[in-house]
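Take the given structure of chain Z and dock chain A to it, following the hints.
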Amino acid sequence: MKSCLIYIDHKEIQNSIDLLEVARQIFKDEPYETTGVEFGDQKVTLTGGFDHLIQVHHPEIKLYDQVAVTDVMVQIQEAKAYDCILIPATYYGRILAPRLSMHLGVGLVADVTAIGHSNNNLEMIRPAFSGRIMAGIISRSQSPIMMSVRQGVFHYEGQTDKVADIMKYVPTHVKDGGISCLSVKQKEQTYDIRESDVLVSGGGGVVKSFQHLEKLAKKLGGQVSASRKIVDQGLASRSIQVGQSGKTVSPKLYIALGIYGSIQHVEGLKNVPHMISVNINRDAPICSLSDIVVEGDAVAFIDGLMKKIEENEGTLL
Amino acid sequence: MMRLICIIKYVPDVDNFKYDYENNVLIRENVRLTLNPDDACAVAFALKVKARDPKTHIEVVTMAPMSVQPHMEDLLRLGVDKGTIISDRLYIGSDTYATSLVLGRYLSAQTYDVILSGTHAIDGDTSHIPAQLGDLLGLNQMSGIIKVDEAALSQTLAVFEVETEDMIATYEMMLPAILSLTRESAYKLPYIKRQNMDLDVTRRINIISNEQLGFEADEVGIKGSPTKVAKTYTKEFNQKERTVIGTDDEGISLVYEFLKEKGFI
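Chains as they are written, first to last, in my numbering: chain Z, 3 to 319; chain A, 231 to 495.
With the rest of the complex left out, here is chain Z:
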């Protein structure tokens, strides 16, 4: 039976659990079992989807010290010899994965967004050239297969009532990477655009009128998101950026105002059933992907639509 180890990033637990879907796509009809490894007790129920759970406990482990974390992961792999190790491509995951793979002497594919199978080879598909093209990568290393996985792309929809056996692992010693955290400043917590069914999104064409998007978003029960251009101008937090270097979103409705539709932006839109683009240029690339193209000024559109909605509010039909 094949075995798959999934690293649970304590800052992105759901995204880590979603890697169970990657395991499912990798092994397909082959029997396999999954193990989640979490550092410390996250007090979050991880049982349900995993067959096994490893909880690493050691008072001296600092989770930001990737020398220490890698060493523990090496110990676990040397003891259990998993066939596959999946790590979410979070900030820490993207440091842990290459350290671990180099130590184990195996190939690593970063930021995987799709799994393919061709000629009996597992193909790990990921964006390249800043999202302008997709590359299908094969690894000669079979043991273990390693990849870091892009967040928000895979969603686990399998069994959630497994009873995992939980193993507490206390490493006998912990490597010290000579790093300590002096301070942490939490950024202003904005909402998570991945949770919204409706996104009203602004790009370079609405730099002067970005603040107008809020009222339309609220009216439609959605949230405001932004392209890289808006974020780079300091008009919005990167946490609401849609795209290759932002988040991947799957709202039911995406209204793109003043967005050109560069491939790095569109890369962040996955399975969006309804799209409306508002642009003074009807030939902007994003218009090819839209159900409705509104050729005109974004503010005129927002004001017009708001007025129409408000006029019709409260009328029973």
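Think of the hints as simulated: they come from the structure by calculation, not from any bench. A few of these clues could be false.
[Unchecked claim] With a cut-off of at most 20 angstroms between alpha-carbon atoms, the simulated DMTMM-like pairs for lysine to aspartate or glutamate come out as follows:
#1 Z:LYS170 - Z:ASP305
#2 Z:LYS309 - A:ASP479
#3 Z:LYS210 - Z:GLU297
#4 Z:LYS189 - A:GLU395
#5 Z:LYS254 - Z:ASP293
#6 Z:LYS310 - A:ASP343
#7 Z:LYS13 - A:GLU395
#8 Z:LYS187 - A:ASP396
#9 Z:LYS4 - Z:GLU35
#10 Z:LYS309 - Z:GLU297
#11 Z:LYS189 - A:GLU391
#12 A:LYS418 - Z:ASP234
#13 Z:LYS64 - A:GLU391
#14 Z:LYS310 - A:GLU487
#15 Z:LYS310 - A:GLU391
#16 A:LYS492 - Z:ASP293
#17 A:LYS490 - Z:GLU315
#18 A:LYS418 - A:GLU391
#19 Z:LYS189 - A:GLU393
#20 A:LYS492 - Z:GLU62
#21 A:LYS418 - A:ASP311
#22 Z:LYS309 - Z:ASP299
#23 Z:LYS164 - Z:ASP31
#24 Z:LYS249 - A:ASP379
#25 Z:LYS310 - Z:GLU216
#26 Z:LYS254 - Z:ASP299
#27 Z:LYS249 - A:GLU393
#28 Z:LYS254 - A:GLU491
#29 Z:LYS189 - A:GLU414
#30 Z:LYS220 - Z:ASP305
#31 Z:LYS249 - A:ASP396
#32 Z:LYS254 - A:GLU487
#33 Z:LYS249 - Z:GLU197
#34 Z:LYS254 - A:GLU471
#35 Z:LYS187 - A:ASP379
#36 Z:LYS164 - Z:GLU32
#37 A:LYS278 - A:ASP343
#38 Z:LYS187 - A:GLU402
For chain A alone, kept in the frame of chain Z given last:
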């Protein structure tokens, strides 16, 4: 006197790639090589340290085809002390694993206090190499650095800020170590001074081939790479039967009806 080594990569200028959605084709026109933006910040930071203490020694290292030499010479004209180009036919086609082995072998023979790099490259965007080098050289490494405290930087430790999704953290790390900066940091390369534009810097170029590094053919290049690109796919986008309207009453009504029909209002 600090010894800084910057690992850099020259990449195609991907911002000049255009995508044709209608035909699902990536158009790579006017492609020039450019210094990876994150890496430029690393070099800029090193130059800032040197401006503070002129005795600082900066070496810039890249594994690349020899065609990058003119680019390297420009970095030397900015004040970098030594430019090392690691180049050999044997290394062509190396993935990040093989590239790290090559860079690692060269670095293991050097003395340094800090290795500086970028966090990710705009072409491959794996962020593998700094972390892999960390493991190979037995050094700790952190990515996403937006600021390094120059006053606190010594030969034994570095203090720096990292920005992640939800926070800005300040770390103190013992040296030697690898610090990977990001283009979000404020470090910018200066322009070459007018009087230095034609400076002959060739004697500060250091060319390293496999003769010095001594790899077997199957350890590096395509043969030594555990991963390889099997296929590239252009992205498929579902084209829509789009309706084009304006922001007049008719247009707004159409949008309103669409939203109502789909249940958003």
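Hint check:
1. Z:LYS170 - Z:ASP305: Not satisfied, since the Cα-Cα distance of roughly 58 angstroms exceeds 20 angstroms.
2. Z:LYS309 - A:ASP479: Holds, because 11 angstroms separates the two Cα atoms, which is no more than 20 angstroms.
3. Z:LYS210 - Z:GLU297: holds (18 angstroms)
4. Z:LYS189 - A:GLU395: holds (8 angstroms)
5. Z:LYS254 - Z:ASP293: Status holds; Cα separation ~12 angstroms.
6. Z:LYS310 - A:ASP343: violated (65 angstroms)
7. Z:LYS13 - A:GLU395: holds (10 angstroms)
8. Z:LYS187 - A:ASP396: Status holds; Cα separation ~9 angstroms.
9. Z:LYS4 - Z:GLU35: holds (6 angstroms)
10. Z:LYS309 - Z:GLU297: holds (18 angstroms)
11. Z:LYS189 - A:GLU391: Cα-Cα ~13 angstroms, so holds.
12. A:LYS418 - Z:ASP234: The hint holds at about 16 angstroms.
13. Z:LYS64 - A:GLU391: holds (17 angstroms)
14. Z:LYS310 - A:GLU487: holds (10 angstroms)
15. Z:LYS310 - A:GLU391: violated (48 angstroms)
16. A:LYS492 - Z:ASP293: Since the Cα atoms of LYS492 (chain A) and ASP293 (chain Z) sit roughly 12 angstroms apart, the hinted pair holds (cutoff 20 angstroms).
17. A:LYS490 - Z:GLU315: This hinted pair holds, its Cα atoms lying about 12 angstroms apart.
18. A:LYS418 - A:GLU391: Satisfied, since the Cα-Cα distance of roughly 17 angstroms is no more than 20 angstroms.
19. Z:LYS189 - A:GLU393: holds (9 angstroms)
20. A:LYS492 - Z:GLU62: violated (54 angstroms)
21. A:LYS418 - A:ASP311: Distance ~18 angstroms between LYS418 (chain A) and ASP311 (chain A) Cα, so the pair holds.
22. Z:LYS309 - Z:ASP299: Holds, at roughly 16 angstroms.
23. Z:LYS164 - Z:ASP31: holds (19 angstroms)
24. Z:LYS249 - A:ASP379: Since the Cα atoms of LYS249 (chain Z) and ASP379 (chain A) sit roughly 30 angstroms apart, the hinted pair is violated (cutoff 20 angstroms).
25. Z:LYS310 - Z:GLU216: holds (17 angstroms)
26. Z:LYS254 - Z:ASP299: violated (24 angstroms)
27. Z:LYS249 - A:GLU393: Holds, because 16 angstroms separates the two Cα atoms, which is no more than 20 angstroms.
28. Z:LYS254 - A:GLU491: holds (13 angstroms)
29. Z:LYS189 - A:GLU414: holds (15 angstroms)
30. Z:LYS220 - Z:ASP305: Holds. LYS220 (chain Z) to ASP305 (chain Z) sits at ~13 angstroms (cutoff 20 angstroms).
31. Z:LYS249 - A:ASP396: holds (13 angstroms)
32. Z:LYS254 - A:GLU487: Cα-Cα ~16 angstroms, so holds.
33. Z:LYS249 - Z:GLU197: Measuring from Cα to Cα gives roughly 11 angstroms; hence the hint holds.
34. Z:LYS254 - A:GLU471: holds (18 angstroms)
35. Z:LYS187 - A:ASP379: holds (16 angstroms)
36. Z:LYS164 - Z:GLU32: Judged against 20 angstroms, a Cα distance of about 19 angstroms means the pair holds.
37. A:LYS278 - A:ASP343: holds (16 angstroms)
38. Z:LYS187 - A:GLU402: Status holds; Cα separation ~15 angstroms.
In summary, the numbered hints that this structure violates are 1, 6, 15, 20, 24, 26.
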